[in-house]
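Going down the list, the protein sequences come from chains A and B.
Position 83 of the first sequence, counted from 1, bears residue number 83 in this note's numbering, the numbering being contiguous throughout.
Position 76 of the second sequence, counted from 1, bears residue number 76 in this note's numbering, the numbering being contiguous throughout.
Relax, there's no trap hidden among the hints.
Pairwise CB distance ranges, derived in the manner of DEER restraints: (1) P113/A / T42/B: 40 to 46 Å; (2) R20/B / A15/A: 17 to 23 Å; (3) T124/A / E70/B: 33 to 39 Å; (4) D54/B / F65/A: 34 to 40 Å; (5) N119/A / S53/B: 18 to 24 Å; (6) A5/A / D88/B: 26 to 32 Å; (7) R70/A / K23/B: 28 to 34 Å; (8) Q47/B / A5/A: 35 to 41 Å; (9) E105/A / D88/B: 42 to 48 Å; (10) K23/B / F65/A: 28 to 34 Å; (11) D106/A / D84/B: 43 to 49 Å; (12) P67/A / Q47/B: 37 to 43 Å; (13) D74/A / S53/B: 43 to 49 Å; (14) V87/B / A71/A: 36 to 42 Å.
BS3-like mimics (lysine-lysine), calculated; alpha carbons at most 30 Å apart, straight line: (15) K63/A / K12/B; (16) K7/A / K12/B; (17) K23/B / K6/A; (18) K7/A / K7/B; (19) K53/A / K84/A; (20) K6/A / K7/B; (21) K79/A / K12/B.
Hints were generated in silico from the structure; no laboratory data involved.
Here the structure is a predicted model, which is why all the values come from computation and not from measurement.
Note that CB positions come from ideal geometry on N, CA and C, so glycine has one too.
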Amino acid sequence: MGNGAKKFMYVNRRAPYGTIYALEGLEVVLIGAAFDQDVCMAFVDDGVYQLQKGQDTAESNMKNFSPTYRALGDYEVTKLYVEKESLEQRGMSEDDLMELTYEDEDDDYQEKPSIRIVNRGELTDLMEQQDVILNY
Amino acid sequence: MLHTINKSPFEKNSLDTCLRLAKPGSEILLLEDGVYAAVKGTAVEQQVMQALSDYTVYALGPDLKARGIEEKRLIDGIEVVGYDGFVDLAANSERVQSWL
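The shape of chain B in the complex, shown without the other chains (with noise of 0.2 Å):
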């Protein structure tokens, strides 16, 4: 299952949930607002590096640019995609879950 995250780690608890709730093996893709949990030095860190552990986790490149975030700040291991790259992971899903 494919689960995005759109919200701020620091202003939402979507992250939280969902690292709670996914099943190991999930993919994981922020965008949006979600893009910020994937820069490293973060109060988030050592979380997001956990999922690491259980989940692909991915980040939307023409979000992170809107946002002025270079690929060298990501968290090691968080796998930059374009709108296709969303695209090719939606349809290999089963389902997808947005986390608001």
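Next up, chain A with everything else stripped away, as it sits in the complex (with noise of 0.2 Å):
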């Protein structure tokens, strides 16, 4: 990663089917990474929703995109900061979401968890650090 990158955080604050938000998000994030930029991931409010485990979609004749965050350690998006009080707010912990890691290339390329348990005033420490913030 050059040192000309900018910080660009996604804000996910959308549940995973009922709208276009989360793919089309998803999809920024993945085309955004290939710029080479430090790009990291926030999820909040409903957007807890997209990590959740077990999503099968097969029943309801939609694209389960879910499988495609395992992806993101792929474009070097490591980064997946989950707002603890959301989870809380709809009974959810980690034990609920997708297990994503990354290869970590500075470190024998051991796997790492992508997803880190954030309280808010965590979160908003975090959104000040960055460049760019886009909300979907």
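Mind docking these for me? Both chains are given alone in their own frames, and the hints should help you get the complex.
Laid out in structure tokens, this is it:
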């Protein structure tokens, strides 16, 4: 990643299937990552539902795009911040989320978790550190 | 940082989440349907008044006018700006976060 890279945060606040926001947002993240920027994602409000494990759209005839989140690590999108309060409000914990990992090239390609649970204060601070914030 | 909210507080939780996560001292601009949050006597009035102690809150004049909201109906402390003011706010902020 070059020194000219900007810090981008994509904030996801919508559930995955009721609207197109989540899918479109994910596509934008993957496109943006190809431009060698420092990209992270935040999952807030109903956005945490995007990371729910066990999504199965077979009977609803929609595309299950949840496996795409597993590709994020290969695009160097390795920081997925999930707001703790949003999880708790929905009766969820980290155990309900997909296990997403990336290979840390600076640490002998060890597999490390991409999902990081943060509280609202930590998320506020993270937002303040960004150059660009895009909401979906 | 400038935060903009363009959704009615009675339809979406954009206002709630913005107020939960915005750093005190930030600017918040209500525009489009977001301007309904600026009106006195609503269910979110207390929340907006509370926000005024932590943030500078603006409402976009042309969007108020379009919705028939006279300035005297606004919660005290909310500043009305035009499109030029919107541009100044954006230009003077390092970042803009648009809560949709």
